[in-house]
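So you can see what is in the structure, the chains are spelled out below.
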Amino acid sequence: MKSMKIGDYILLILIILILVGLSLFFFQSTGNQAEVVITTPNEEYIYPLDKDGIYRVQGYIGLSVIEVKESQVKFIESSCKNKICMIGSINRNGQFLACLPNGIIASIVSSNQEEVDDVAI
Amino acid sequence: MLQSKISSQKLGFLAACCMFCSLIEFAIPKPVPFLRLGLSNLPLLLALFLQFGFADYLILILIKMFSQAWISGSLFSYVFVLSFTASVSGGLAMYLLNKKRKWFSFVGISVVGAFTSNLFQILVATIFMGEKILLLFPIMEAFGLVSSFILGLIANYYVVHSKFLEEFNSVELAEKKDLNGPNVGNEAKSVRTVGWISLIIMIFLFLTNNVFIVVGIFMYSLICNIILKKRIRVLNIIIFIFSITLISLFAPFGKVLLNIGSLKVTEGALSVGFTRAVKLQSTFFLSRLLLGFFNSILKKKSASFYLGRLIGYQFYYFSEINEKWNMKKVEGKKIRAYIDRVDTVLKDSLLS
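Which chain is which? The protein sequence lines are Y and F, in order.
Using the working numbering, the first residue of the first sequence is number 1, and each one after it goes up by one.
Using the working numbering, the first residue of the second sequence is number 1, and each one after it goes up by one.
Wrong hints could be hidden among the right ones.
Sample of chain F residues facing chain Y (criterion: CB under 8 Å; computed from the structure) [unchecked claim]: (1) V107; (2) V111; (3) F120; (4) K255; (5) I335; (6) A337; (7) Y338.
Here are the simulated BS3-like cross-link-like pairs (lysine-lysine), alpha carbons at most 30 Å apart as the crow flies [claimed, not checked]: (8) Y:K69 with Y:K81; (9) F:K255 with Y:K69; (10) F:K324 with F:K230; (11) F:K334 with Y:K74; (12) F:K189 with Y:K5; (13) F:K100 with F:K347; (14) Y:K51 with F:K132; (15) F:K324 with Y:K5; (16) F:K264 with Y:K51; (17) Y:K69 with F:K100; (18) F:K102 with Y:K5; (19) Y:K74 with F:K163; (20) Y:K74 with F:K255; (21) Y:K83 with F:K255; (22) F:K255 with Y:K81; (23) F:K347 with Y:K5; (24) Y:K51 with Y:K69; (25) F:K163 with F:K176; (26) Y:K51 with F:K255; (27) F:K334 with Y:K5; (28) Y:K69 with F:K264; (29) Y:K5 with F:K99; (30) F:K102 with F:K255; (31) F:K163 with F:K347; (32) F:K176 with F:K102; (33) F:K100 with F:K176; (34) Y:K51 with Y:K74.
Rather than coming from a laboratory, the hints here were simulated on the basis of the structure.
Here a beta-carbon is modelled for each residue, glycine too, at the ideal position from N, C-alpha and C.
Bound-form chain Y, shown alone (with noise of 0.2 Å):
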């Protein structure tokens, strides 16, 4: 320890600094991705909000399929008789869509708790 020099105290502060600061920027950026939660009668299905897919699920009457596209989630087919499920689209954390005859709820969940807050106001 003799042989150390005041320059490499001020090194080791500044990497642990730097250390504990990148490791809670990459949790931050890896961690709070927000998910498409689909529940289905028997299952469930995760999928990422930031990547395009269509996404088929059996429900009670039939298959239902949803499309993630541009960090939006619809319904763009059912088999329920009434089709309210199709009508609209979500795309903020907090929203969900729900096939009542079908079963089917499709929500997006994210671990940022504000923007929870946000919405349910």
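Add chain F to chain Y, keeping to what the hints say.
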């Protein structure tokens, strides 16, 4: 500016030290494949102490990297890309910091080198292993911080007490005529055939994401490695595949199969992670098979050009160090006794 100021004997000697350190590092079993001690950075610190020019220093880094890849057999796998990034970024950081030796000792230089190399390495690793690998960043860096700190202290102690370094600065090393290239052993024709097949399969492996094909290629490369009597560390392979798959689960995709606490095991993420892990492990196995014919080319082209001579000296001194290391016994159990032993071994090898 970029001209070699040091004789190829001396550069070869330090390269041999790097290779020897890599060998020791490779022989130490590690719990997780991402954690490294960075022993082979010690010769780089010595090169900085000896005030190597930038060109010589850079050549030393490149040789260090290639010999590491050669020893571990990862030359043609994704690991090489990672170690290239790590070696060059860390090496440059250490070189720049060394310009201000008034303010820093080797502890600072070593710690910054390790931090930089780990940072760049993990950023590049996201290409191969997905963004979620960044979650390992704190563990990797914390481990690197401790090991590089200790290495820095050792280097500080060593440069003051070493007899080898005194000798190294003053001695003029004679040219050796009968240099052999690396002793690559007997490369049978079957090894070369396996090498060619592996090259084709390797290309194919990059193009597919089908889990069955990937597992098939994995089995092929595993069996070839077993037949050719390459060392297989079963536990390491299992831990590697398990940890890469586990990290991928943090990016859920598809049907939820299982809930473990707050972690949801999804079908898609499981398949993506497993395929990715097996693929990476396969490139590593295939790379070892590819080395077979790479070695046979190397053997033919042992020449008189600069790099050839350099590598010649590297292997010459490597065998010297290896031999002297095995002869000399450690007296006492303290870490200083080990450092003294290394010093004597290096000095004897230099003067042989």
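*Evaluation of the interface hint that places I335 of chain F against chain Y, nearest CB under 8 Å*: violated, 14 Å
_What's the verdict on K189 of chain F and K5 of chain Y, does the C-alpha distance respect the 30 Å limit or exceed it?_
violated, 57 Å
_Closest C-beta approach of V111 of chain F to chain Y relative to 8 Å, hint status_ = OK, holds: V111 of chain F within 8 Å of chain Y, min 6 Å.
*Decide if the proposed pair is consistent with the structure: K334 of chain F and K5 of chain Y, CA atoms, cutoff 30 Å inclusive.*
holds, 25 Å
*asked:* What's the verdict on K100 of chain F and K347 of chain F, does the C-alpha distance respect the 30 Å limit or exceed it?
replied: holds, 29 Å
*Should the hint that F120 of chain F touches chain Y count as held when the rule is a Cβ pair under 8 Å?*
With Cβ-Cβ at 12 Å, over 8 Å, it is violated.
*Would you mind confirming whether the straight-line C-alpha gap from K102 of chain F to K255 of chain F stays at or under 30 Å?*
Violated - the C-alpha atoms of K255 of chain F and K102 of chain F are around 59 Å apart, more than 30 Å.
*Restraint satisfaction for A337 of chain F [CB to CB of chain Y, less than 8 Å]*: With Cβ-Cβ at 19 Å, over 8 Å, it is violated.
*Quickly compare the C-alpha distance for K51 of chain Y and K132 of chain F to 30 Å and report which way the hint goes.*
holds, 16 Å
*Compare the distance between the alpha carbons of K176 of chain F and K102 of chain F with 30 Å, and conclude whether the hinted pair is satisfied.*
violated, 38 Å
_Proposed proximity, K74 of chain Y with K334 of chain F (alpha carbon, max 30 Å)_ = Roughly 69 Å separates the two Cα atoms, so the pair is violated.
*asked:* Between the alpha carbons of K69 of chain Y and K100 of chain F, is the straight-line distance 30 Å or under?
replied: Violated, at about 53 Å.
Hints 3, 5, 6, 7, 11, 12, 15, 17, 19, 30, 32, 33, counting from the list given before, are not met by this structure.
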